[in-house]
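Q: Here the numbering used here is used: the first residue of the sequence shown is 104, the next is one more, and so on.
If you are wondering where the hints come from, they were derived from the structure by calculation, not from laboratory data. Beta carbons are placed, not taken as given, at the ideal position from N, Cα and C, and that holds for glycine. Among these hints, one or two may not hold up.
Said to hold, decoys possible - Taking CB as the label site, the calculated pair distances span: (1) LYS161 with GLN120: 31 to 37 angstroms; (2) LEU180 with GLU121: 23 to 29 angstroms; (3) GLN141 with ARG174: 16 to 22 angstroms; (4) ALA179 with CYS118: 20 to 26 angstroms; (5) SER112 with ASN138: 17 to 23 angstroms.
As the list claims (entries may be wrong) - Straight-line C-alpha distance at most 20 angstroms; calculated SDA-like pairs for lysine to any residue: (6) LYS175 with ASN158; (7) LYS175 with ASP164; (8) LYS175 with ILE148; (9) LYS113 with LEU147; (10) LYS156 with ASN171.
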Amino acid sequence: MGQENNNLSKLITTCLQEYFKSLKGQKPASNLYDNIIQTVERPLIREILKLTKNNQRKAADILGMNRNTLRKKIIALELNDVNDSDTIHPLQKVS
104 MGQENNNLSK
114 LITTCLQEYF
124 KSLKGQKPAS
134 NLYDNIIQTV
144 ERPLIREILK
154 LTKNNQRKAA
164 DILGMNRNTL
174 RKKIIALELN
184 DVNDSDTIHP
194 LQKVS
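Modelling step: build the complete structure from the supplied sequences, incorporating the hints.
A: Below you can see the structure in the form of structure tokens.
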């Protein structure tokens with residue numbers, strides 16, 4: 104698990120560095136933390152649902168959250184029916 108977290112941390116760091124470079128010296132929006140969480144949450148939940156074949160109990164276990172909390176997020180993020188064709192490019196902006 105330690106190596107897995109380290110790899111994920113490196114990937115996130117690289118993405119953040121690219122994001123800050125793209126700002127070209129401009130200051131990020133004041134709600135950067137919330138924006139990042141919202142940007143990451145949808146594809147994270149979508150990929151876990153695909154991994155678990157839409158099994159919300161298993162997905163909630165992997166994510167470390169209550170199934171009811173996951174269900175609320177699925178509804179809010181409109182991820183009710185995730186399948187393998189819903190894959191997005193890692194750097195594609197999610198609206």
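Q: Each hint needs a verdict: does it hold in this structure or not?
A: Right, here's what the structure says about each hint:
For the hinted restraint 31 to 37 angstroms between LYS161 and GLN120, the CB-CB distance of approximately 33 angstroms keeps it satisfied. Taking the beta carbon of each, LEU180 and GLU121 are about 24 angstroms apart, inside 23 to 29 angstroms as hinted. A hinted range of 16 to 22 angstroms holds for the C-beta pair GLN141 and ARG174, which are about 18 angstroms apart. Roughly 24 angstroms separates the CB atoms of ALA179 and CYS118, a value that falls within the hinted 20 to 26 angstroms.
At about 19 angstroms, the beta-carbon gap between SER112 and ASN138 stays in the expected band of 17 to 23 angstroms. Between LYS175 and ASN158 the CA atoms are separated by roughly 15 angstroms; this keeps the pair inside 20 angstroms, and the hint holds. Annotation: proposed proximity of LYS175 to ASP164 holds, straight-line Cα distance about 15 angstroms (limit 20 angstroms). Proximity of LYS175 to ILE148 is assessed by CA-CA distance (about 12 angstroms); at most 20 angstroms being required, the pair is judged to hold.
Between the alpha carbons of LYS113 and LEU147 the distance comes to roughly 17 angstroms, so the proposed pair stays at or under 20 angstroms and holds. At most 20 angstroms may separate the alpha-carbon atoms for a hinted pair to count; LYS156 and ASN171 meet this at roughly 18 angstroms.
The structure is consistent with each of the numbered hints, conforming to all of them.
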